[in-house]
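J.: Chain by chain, the residues run as shown.
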Amino acid sequence: MSEQQTTGAANTVLGTGGLIFNEPLLWEKGKKGRMGMSVPQSDVPAATLDATLEGTEVDFPDLSEVDVVRHYTRLSQWNFGVDSGMYPLGSCTMKYNPKTNERQAATPAIALAHPMLEEGLSQGTLRLLYELQEFLATITGLDAVSLQPAAGAHGELTGMLIFHAYHEHKGHQRHKILIPDTAHGTNPASAALCGYKAVAVKSGPDGMLDPELVASLMDEDTAGIMLTNPNTLGLFEERVREIAEIVHAKGGLVYGDGANMNAVMGVMDAKKCGVDVLHLNLHKTFSTPHGGGGPGAGPVCVTKELEPFLPVPRAVRKGDSYQLEENLPLSVGRVHAFHGNFGVLVKAYSYILTMGAEGLKRASQLAVLNANYIKEQLKDVLHLPYDRPCMHECVFSDQNQQAEKISTLDMAKRLIDYGYHPPTIYFPLVVHGAMMIEPTESECKEDIDQFIATLRTIVQEAKEQPDLLHEAPQRTKVRRLDEVQAARCPCLVGLPSAEDK
Amino acid sequence: MKEIDELLLPEDLGYTDDHEWAQKTGETFRVGVSDYAQDQLGDIVFVELPEVGDSFAKGDECGTLESVKAVSELYTPLSGEVVAVNEALTDNPELINEDPYGAWILEIKPSAPAEFDTLHKAAAYLEMLKG
Amino acid sequence: MRYLPHTPEDISDMLTVIGADSLDGLFASVPEACRMTSSWDLPQPQSEWQLNDHMRGLAADMAIGEDGKVLIGAGSYRHYIPETIRTLASRSEFLTAYTPYQPEMAQGTLQGIFEYQTLTARLLGVDVVNASMYDGASALAEALLMGLRIAKKKKKVAISKAIHPHYRGVVAAYLRPTSYEIIELELTADGRTDLSSLSKESDIAAVALQSPNFFGVIEELEQAATTIHDAGSLFVACFSEPLAYGLLKNPGDCGADIVCGEGQSFGIAPSFGGPGLGMFGCKTAYTRNLPGRLVGETKDLDGKRGYVLTLATREQHIRREKATSNICSNQGVCAMTAAMYMASLGGTGLRQLSRLNFDKSEYLKAQLLAAGASLVFAAPTFNEFVVRFPGDFSAKREKLLKQGIVAGLDLGDLYPELAGAYLFCVTETIDKATMDTIATEVAA
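Protein chains in written order, with numbering that gives the first Met the number 0: chain A, 0 to 500; chain B, 0 to 130; chain C, 0 to 443.
Hints are computed from structural coordinates only; laboratory data are not their basis. Glycine residues also receive a C-beta, built at the ideal position from the N, C-alpha and C atoms. Check each hint, because a few of them may be wrong.
[Unchecked claim] Cβ-Cβ distance ranges computed for the label pairs, FRET-style:
(1) D82/A <-> V16/C: 23 to 33 Å
(2) R455/A <-> L128/B: 34 to 44 Å
(3) N326/A <-> A377/C: 25 to 35 Å
(4) D435/C <-> N326/A: 37 to 47 Å
(5) E416/C <-> A248/A: 45 to 55 Å
(6) P384/A <-> D52/C: 45 to 55 Å
(7) S38/C <-> P384/A: 29 to 39 Å
[Claimed, not checked] Taking lysine-lysine pairs in the DSS-like style, the calculated list, with each CA pair at most 30 Å apart, reads:
(8) K153/C <-> K395/C
(9) K175/A <-> K57/B
(10) K151/C <-> K196/A
(11) K1/B <-> K23/B
(12) K404/A <-> K68/B
(13) K108/B <-> K151/C
[Said to hold, decoys possible] To give an idea of the chain A side of the interface with chain B (calculated C-beta under 7 Å), a few residues:
(14) E482
(15) V483
(16) A486
(17) R487
Let the hints inform the model, and build the full structure from the sequences given.
T.: Printed below as a string of structure tokens:
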């Protein structure tokens, strides 16, 4: 076969090229006695250490500065980020990460700020914490905010700790919590950490939660409900207020998973929806980079009634000065060693200051515009299980491709050959073979059109040259990896250097 | 994945709604998972076994099977005490994929042997799978 | 707005395709009663240059800048960070990537994290290390929950009072909704943890010590391991200054079952306490009880070496409420940064730097004692130590502050019985002249 036949159209459009360097593992390089950073000369006498405490030298490879720089530069070239191309990963909001945010977080007096200094020495960072709390309260419609949680799931845990402390304070602890079947896995896992037994709420045939069903499950042993709105099908839960009223009537609380906030900034008022606690993912909605897995930040926003339960310390303003309030008897306590992922908070703060109110609202409008546009342009070739206006993401399935024995995974892998990061696949679980596309507002119309055309080409290839999909990706550093082998015989650390040589 | 009529379903076994099987071996019963279960789960990468001496009531969770991206609980088809577990599965969980009826998971000394008669016969189990 | 690419024409064309009359029309499914109606009181949007000015303003409100001398550690350490690490860790291929769920597009992150796991395992003396936790404090809480999972029926954990008070606070918050009980272990006079009460308790799942502990004191980990194991408990060793293990025996070799702590020291700026790096490892036997992500080595279709996320059935996205933890996002790029730092130092450099930190802190200790201060705890220390001064030190500390020197942390808020005692920290960033200035002031 010619190259055109083996790779299809992939090499004529974006695709990936050929400049991929091989690079061994760190400990397969280097030579004893090299060093990649300068250690200052000692200006003090050597001290004596009790010999029984002294260990042997750690078995790290010795590398020069050039070794280290080339190593990581090459590794980085095997990676794909938002700066490389479109990253339509549903539920993850892979929007552009502004460069100025990085600069602001690296401001020396801020990057070097020590968290244990007295308040009077840290007015700049405390003011930033206080102002960001205020901004996020404004944006969500809720009253008070803690910036401590280090990630979305950490925010959920904090929220569940608040639920638990609230019910305890009311004098009657509860043991169950309602969680829709469309929820992220973090929801039940977070609730379980607080001893709440997850009760699944089935979503209706239209992808929506049914208030009657919630009413039938909600009782006085149920702490409340955790819901994601817009939900993980990318649909707005239209009867959220009714659901919240049912839960409140039985003394329960409503937790809002704000993972999908990027759809509804300036549109949804969480308090009016009846939400009592909401977490935000600053690494989604507020443009801070995902870092290949983190760090994120997952602030929790609460109503006035729940404010006393927020984690301590809290940044407060007293006249012209900013202080840390520690002594709050109802607080759930501390969920982070210091003030959360402060560096991430600086980036989100910078984003909000850059965007302003109108910019943030516009971002949500355009995110929703992009998702609906993709939905409309692909629904004739990809099966759309819930055909209704979506929010910032749309969910297709591989039902139309089953005759050709092509799965969502195959289409996802084929997208890689065309230079796209695949969408989220096989989530939410309620859609068999789900493919969840979230373009975000960062992508312009031409790039979205190109993406749509590419997916249509792939659907065509599925019919005519299915092996192109089964064999994809072909142009990456590695091809499909044996995950079964990885799990059966886990190799989680490299061999000691001595055994290598 | 296999079509329903490609599945192997030996006649002498009893089957559960959750796709376990039980087979009488003298005074005890061996327990495993059906061809359908292993096929649905795909490549099995890990088996969590109960401990010898553990006692379970029929339907209790007594172990788990894991594939790369799924976890499936194992429920005992009969009440009783575990008298043996198939240690070979610890290092070679793929034996279940290769031979789901040879690769028994645990052996149970039943406290109510008559429970075996309440399990599905092969034909009835097949009907259930066909829906 | 420079991050939003749509022209009015784009918007109108796209709305036509969708069949909506306006951008607002896209939100028809949001009921009126749920709508945000209040106008937002946010600052006017700022240009890049205005934002720079604004942040300069905040930075100016920080009393201690880049050239300040900070002799406080207490869980956050100012070490030199080589420019290579800043450059490499900020490469956007690493920084702007998601969790590596599509391994063919994320071999950089995956190999990088595999290397992090390996180097960290060697540093801590454990068999397995995960891809990171949020910070040292939550890592300790997760380690104790893991110990309770492994021990199954036991309902208690014991933690040393010499563990960072904030870490203990997080442990308390995590365990508060559960029925598990936390026992606090007192200190001996020399600043180590008193384990003598353990023999009386039989149902403790796990015992946690920090070494070097909050006071800088090096715990006797080998003896501790024996005592804890004899009591039938798992040994959780925690830390806030991993640089110590460049010189000291590591906790894994001393017999710890689970080792966890804060890795901020390794190339990560203090940044007012975060993001840091929760390092977390254990013995092989407990691998399937680990919280968090793991990267493993495997092969691709052509037999080529490659890396994937593995053993994911432990995690929340698969096992949901039965997962080993609810953690999803970790501190990925911080773990990469720490690996870059470990690689830059190498075994040789790590030893030198660790030794230098030890020597410097011993120098300050000696100078302060000579100037009239007294040691609160007599046991050997690394990097940090606690002293008392004759008379009131606070005025002298004020005076030093005016010279940009932060001379120690008053422990009164954290340990009322230690009011007036100060915790000092010396790293390679503190020169002899600064230490002499402090000693002179103390003697004055």
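J.: Now tell me if each hint is right for this structure.
T.: A quick look at each hint next to the structure:
1. In this structure the hint that D82/A and V16/C lie 23 to 33 Å apart at CB holds, the actual value being about 28 Å.
2. Checked against the hint of 34 to 44 Å, the pair R455/A and L128/B passes, with Cβ atoms roughly 37 Å apart.
3. For N326/A and A377/C, the hinted distance range of 25 to 35 Å is satisfied, since their beta carbons lie about 34 Å from each other.
4. Between D435/C and N326/A the beta carbon distance is about 39 Å. The supplied range of 37 to 47 Å therefore holds.
5. With their beta carbons about 50 Å apart, E416/C and A248/A fall inside the hinted range of 45 to 55 Å.
6. Checked against the given bound of 45 to 55 Å, the beta carbons of P384/A and D52/C, roughly 50 Å apart, stay inside it.
7. Between S38/C and P384/A, the C-beta spacing of about 38 Å keeps the proposed range 29 to 39 Å intact.
8. Among the hinted pairs, K153/C with K395/C is inconsistent with the structure: their alpha-carbon atoms are about 50 Å apart, more than 30 Å.
9. At roughly 26 Å between alpha-carbon atoms, K175/A and K57/B fall within 30 Å of each other, so this suggested pair holds.
10. A threshold of 30 Å between alpha carbons decides the hint, and for K151/C with K196/A the separation of about 19 Å falls inside it, so the pair holds.
11. The suggested pairing of K1/B with K23/B holds, with an alpha-carbon distance near 27 Å, which does not exceed 30 Å.
12. Among the hinted pairs, K404/A with K68/B is consistent with the structure: their alpha-carbon atoms are about 20 Å apart, no more than 30 Å.
13. With a C-alpha separation of about 25 Å, the suggested pair K108/B and K151/C falls inside the 30 Å cut-off, and the hint holds.
14. Among the interface hints, the one on E482/A holds; its C-beta lies about 5 Å from the nearest C-beta in chain B, closer than the 7 Å criterion.
15. Proximity of V483/A to chain B holds as hinted, the smallest CB-CB distance being about 4 Å (cut-off 7 Å).
16. Evaluation of the A486/A hint against chain B yields a held restraint, the C-beta minimum of about 4 Å falling below 7 Å.
17. Restraint check, R487/A versus chain B: the minimum CB separation of about 5 Å is within 7 Å; hint holds.
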